[in-house]
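Protein chains: 2
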Amino acid sequence: MKNRIVTISREFGSGGRTIGKKLAQELGISCYDSELIHKIALESGFAENYIKDAGEYAPHGFLASVLSNRAFGPTNEDYLWEIQSRIITELAQKESCVIVGRCADYILRGKADCLTVFIHADMAFRADRIIKVYGEREESPEQRLKEKDKRRAAYHRFYTDMKWGHAQNYHITLDSSALGIDKCVEILKHLY
Amino acid sequence: MKNRIVTISREFGSGGRTIGKKLAQELGISCYDSELIHKIALESGFAENYIKDAGEYAPHGFLASVLSNRAFGPTNEDYLWEIQSRIITELAQKESCVIVGRCADYILRGKADCLTVFIHADMAFRADRIIKVYGEREESPEQRLKEKDKRRAAYHRFYTDMKWGHAQNYHITLDSSALGIDKCVEILKHLY
Chain A
1 MKNRIVTISR
11 EFGSGGRTIG
21 KKLAQELGIS
31 CYDSELIHKI
41 ALESGFAENY
51 IKDAGEYAPH
61 GFLASVLSNR
71 AFGPTNEDYL
81 WEIQSRIITE
91 LAQKESCVIV
101 GRCADYILRG
111 KADCLTVFIH
121 ADMAFRADRI
131 IKVYGEREES
141 PEQRLKEKDK
151 RRAAYHRFYT
161 DMKWGHAQNY
171 HITLDSSALG
181 IDKCVEILKH
191 LY
Chain B
1 MKNRIVTISR
11 EFGSGGRTIG
21 KKLAQELGIS
31 CYDSELIHKI
41 ALESGFAENY
51 IKDAGEYAPH
61 GFLASVLSNR
71 AFGPTNEDYL
81 WEIQSRIITE
91 LAQKESCVIV
101 GRCADYILRG
111 KADCLTVFIH
121 ADMAFRADRI
131 IKVYGEREES
141 PEQRLKEKDK
151 RRAAYHRFYT
161 DMKWGHAQNY
171 HITLDSSALG
181 IDKCVEILKH
191 LY
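These protein sequences, in sequence, are chains A and B. Residue numbers for the first sequence, in my numbering: 1 to 192. Residue numbers for the second sequence, in my numbering: 1 to 192.
Calculated from the structure, these hints are not laboratory results. A few of these clues could be false.
Copies of one chain are not kept apart here, so a pair can be met inside one copy or by any two copies together.
Derived lysine-lysine pairs resembling DSS-like cross-links, with alpha carbons at most 30 Å apart [said to hold, decoys possible]:
# : residue 1 : residue 2
1 : K189      : K94
2 : K39       : K148
3 : K2        : K146
4 : K132      : K94
5 : K111      : K146
6 : K163      : K150
7 : K21       : K111
8 : K94       : K150
The task is simple: from the sequences and hints, build the whole structure.
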């Protein structure tokens, strides 16, 4: 039987990761979140490959990491992107699972049977949630959210050339602040 | 009991209107589609009010309808927009219903208990569908779709200053080509 993958993109603070975890639990499959994939990449491929490839590309690789300018060759982020892409592709080949973040929808396009999801929420819900989940910071929650959104949109745009948060890019998008986290899980479970 | 409204925005050819009609039928409430509201507006308010107001604004009203330039006062579309807004607001006050198109989500913002929906589909699905539903034309279905999308996005943008098709503007968006029309109806019924 072919694996079925749920990819979840989400606004920071929308509860997308929680929805992914709950959904995976209810479906009895694994959930790989963005941080986990990043960690796997750093621990496994990134360290070895980066050192290896950086050697091949040097001195461009070195300059790139200093100047972060692609005119001088791939950057650290480019290496990491490549390794993360490989990890995500391998996960999808190995098992049915939920993958949160890391442009998994784009990476698996045409390669796997995916249900592509985007979760968003209004500012008040997200501000409240990031304080509860991540604690207070010096910056206001609104500032933190704006900054994170900007980074995610830019990252997504750069690596996928798709507009982040455009309904047309997903099979389903859900407003977790209006519908509630549990209702989102329920709908996705039903769709899966 | 307060009325509950489902507003459906949709890409041309995505089956949004069909989904609205089926949903309304299943919920035992009325469905007002874009064409119907337009017709009501033309038959009732538009004719009288336009003639009346055009008189007050003349000669600007006259010039506006010739030049379609808002520097000379409201255009035909502006009058129609105002009357359609009134009709949609009255419908929401009168009964629970499904409203397809006409920026009902924006018009009812903060005025009614709405579930806001956007339906989209891929090009092949839509091209196939518009030929089935509306028949062949001289232009290719892709050209017709592109033209219609452009008009809808511009209309929406002009009157609401919201970006059409942005996930963040809707409680839920669904890809009818991936999920199927009946599944979309099922999910919306479940959410309602």
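Query raised in the report: For this structure, which hints from the list above don't hold up?
Result: 3, 4 and 8
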